[in-house]
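Protein chains: 4
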Amino acid sequence: MTQTTPQSQSHWLAPDELEAARQRMPILYVDAIPVRADSHGVVTSVGLLLRATGEGKITRALVSGRVLYHERVRSALLRHLEKDLGPLALPRIPISPQPFTIAEYFPTPGVTQYHDPRQHAVSLAYVVAVEGDCEPQQDALELNWFSPIEARQESVLAEMGGGQGALLLQGLAYVGA
Amino acid sequence: MTQTTPQSQSHWLAPDELEAARQRMPILYVDAIPVRADSHGVVTSVGLLLRATGEGKITRALVSGRVLYHERVRSALLRHLEKDLGPLALPRIPISPQPFTIAEYFPTPGVTQYHDPRQHAVSLAYVVAVEGDCEPQQDALELNWFSPIEARQESVLAEMGGGQGALLLQGLAYVGA
Amino acid sequence: MTQTTPQSQSHWLAPDELEAARQRMPILYVDAIPVRADSHGVVTSVGLLLRATGEGKITRALVSGRVLYHERVRSALLRHLEKDLGPLALPRIPISPQPFTIAEYFPTPGVTQYHDPRQHAVSLAYVVAVEGDCEPQQDALELNWFSPIEARQESVLAEMGGGQGALLLQGLAYVGA
Amino acid sequence: MTQTTPQSQSHWLAPDELEAARQRMPILYVDAIPVRADSHGVVTSVGLLLRATGEGKITRALVSGRVLYHERVRSALLRHLEKDLGPLALPRIPISPQPFTIAEYFPTPGVTQYHDPRQHAVSLAYVVAVEGDCEPQQDALELNWFSPIEARQESVLAEMGGGQGALLLQGLAYVGA
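Protein chains in written order, with our numbering: chain A, 1 to 177; chain B, 1001 to 1177; chain C, 2001 to 2177; chain D, 3001 to 3177.
If you are wondering where the hints come from, they were derived from the structure by calculation, not from laboratory data. Treat the hints with caution; some may be incorrect.
[To be verified] Partial list, computed: chain D residues near chain C (C-beta under 8 Å):
1. Ser3039
2. Leu3078
3. Leu3088
4. Arg3092
5. Pro3094
Every residue, glycine too, gets a C-beta built ideally from N, C-alpha and C.
Looking at chain A on its own, in the form it has when it is part of the complex (with noise of 0.2 Å):
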């Protein structure tokens, strides 16, 4: 986007605004189940991020990010699928608006089942169909495909950070998977 339109730069937040306004308001984010499905719209498999965090510990993670001012939800979901999963990812961005779940992550533990310390983020959850070639970009490290009952094992739910795997498990029940 450029200086031009009207959703231009100066209209987003500099770093430190962002972290203030992170200590008074929700921020309003997405959360994406990248999924393959056969021609039935069952789905076979399920994608999972393998990350580094800052600490130098491994999670597996959900697409997740930021709506940003003057972006449509849908954009937001296109954007981040397509910086996590790379510009040949076509996920199908679902038809209707409605999230299967929202998720409220809350910066104190155990208000709800999602946690972020940064913040108060409240996460509309989507579960969408990618058709074309996955290639992890940026801060991931890999995208690995789990079948939808590797997906719900313990050993791998554990590795999710933030409530996450709480997230993937409503998103498997939403399928019916």
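On the provided structure of chain A, position chains B, C and D as indicated by the hints.
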């Protein structure tokens, strides 16, 4: 399907048996609203079939049909979409089995918005993106694509029978169009 | 209902007719997960019926039953809840007919997570808050309330037949519990 | 809430900070459509607030408001319903956090159906049954109940601002009314 599968024809209903069942129990249906969507998942057009009824009346219709014995709802949805739109339609069957609503067609008019003089049918309703080439099949005369704004015009809705105009409006509401 | 209504008993199925239909077409059911919720809508407990099966086995079960000819899904839901939980249960029937999922019970095990040796049943599944006094009726021995955490324990889920443990987990995921 | 809670006022936004944030990031809202429902869950009437805008114009409105820092969406929903309908309204907060849709209010008209000149707000929309006595509070002049048929009349929808008429229609579609 062949005689060797558990779903062999002997398990299905003969015409007179179907007729009898229709007077005695609700019959399970699926309704599909075929749509075109852009890369952001925004619905750009809606497909409606043009049919001639037995009485020579012209009506517009959604893709609709029975779920058979031992058939999954997903498979029924795919079968009816391919039957009405042709084998190259490439419908993206929804990954969640949750319908956006159910339509209860009663033989008695006025119980619900939906009416079917032949039977009490309960239909699971889905909006389905189709990505391939659609060719109306069988008893459909044409398949016409409407923008969401055109599709909700009174003149279009009035051409739909059995309350399907109301179902179309519900589907358009569901996708936020 | 009396003989004078259009839904008179003569329109329903005699036992042998029901038996025949069950071998020929999917039968429409509703499944309800009865819950208690607090003033914020947070589910605090889940009610499960304790039943003795014909073979003398003890199982836990959801509220479940057929939709009759010319009966609305809402009415079937209310009828089965009052039949199983008693006339003072005060169920709050959901205002939207959209089920949180559909459960496809196949006579052949393994086609889906759900199994019913008697028939192919397709069930519309709802979570229903009940606000009154519940008394198990008819063939139910007891009604037991579990916290959401207790309800998802392996020992509880293992006592549920036909895949209803999976449906219970989906319902708990749907309410975010 | 008092100074001793983690949600103390110091964590909230001062008016000028809120003003600044509104130009920089999407603000999280909830919208609620208050309804009366019968024992079968059928919506019998819809409640709309009558408000005078700053410019002295009269508009009809849904219950609507911000989600605060460290506040659950359920709590925000309850707070705004009690604020607008009074403490005896007895709203039945939905047991699932899944909104029936999201409404994206943009400061630029025409991006979506929804428009808010003050800000980019993303609202989670719910239909909420209220069972008690409703009294309009604060800046609402009246609360009027409409049958679902009356509520969708062009004359009523035209009195609603910011695209809330479209949201009302979506909510009515969701409950099958």
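Worksheet entry | Closest C-beta approach of arginine 3092/D to chain C relative to 8 Å, hint status | holds, 6 Å
Practice prompt. Could you check if proline 3094/D really has its C-beta closer than 8 Å to a C-beta on chain C?
Written response: holds, 6 Å
Worksheet item: Does leucine 3078/D pass the interface check with chain C, least Cβ-Cβ distance below 8 Å?
Response: holds, 6 Å
Practice prompt. Report holds or violated for the interface hint on serine 3039/D, using the least CB-CB distance to chain C and a cut-off of 8 Å.
Written response: holds, 7 Å
Worksheet item: Given leucine 3088/D was flagged as interface, is its beta-carbon under 8 Å from a beta-carbon of chain C?
Response: The hint is violated - leucine 3088/D has no Cβ within 8 Å of chain C, the shortest such distance being about 13 Å.
The structure does not agree with numbered hint 3 stated previously, though it agrees with all others.
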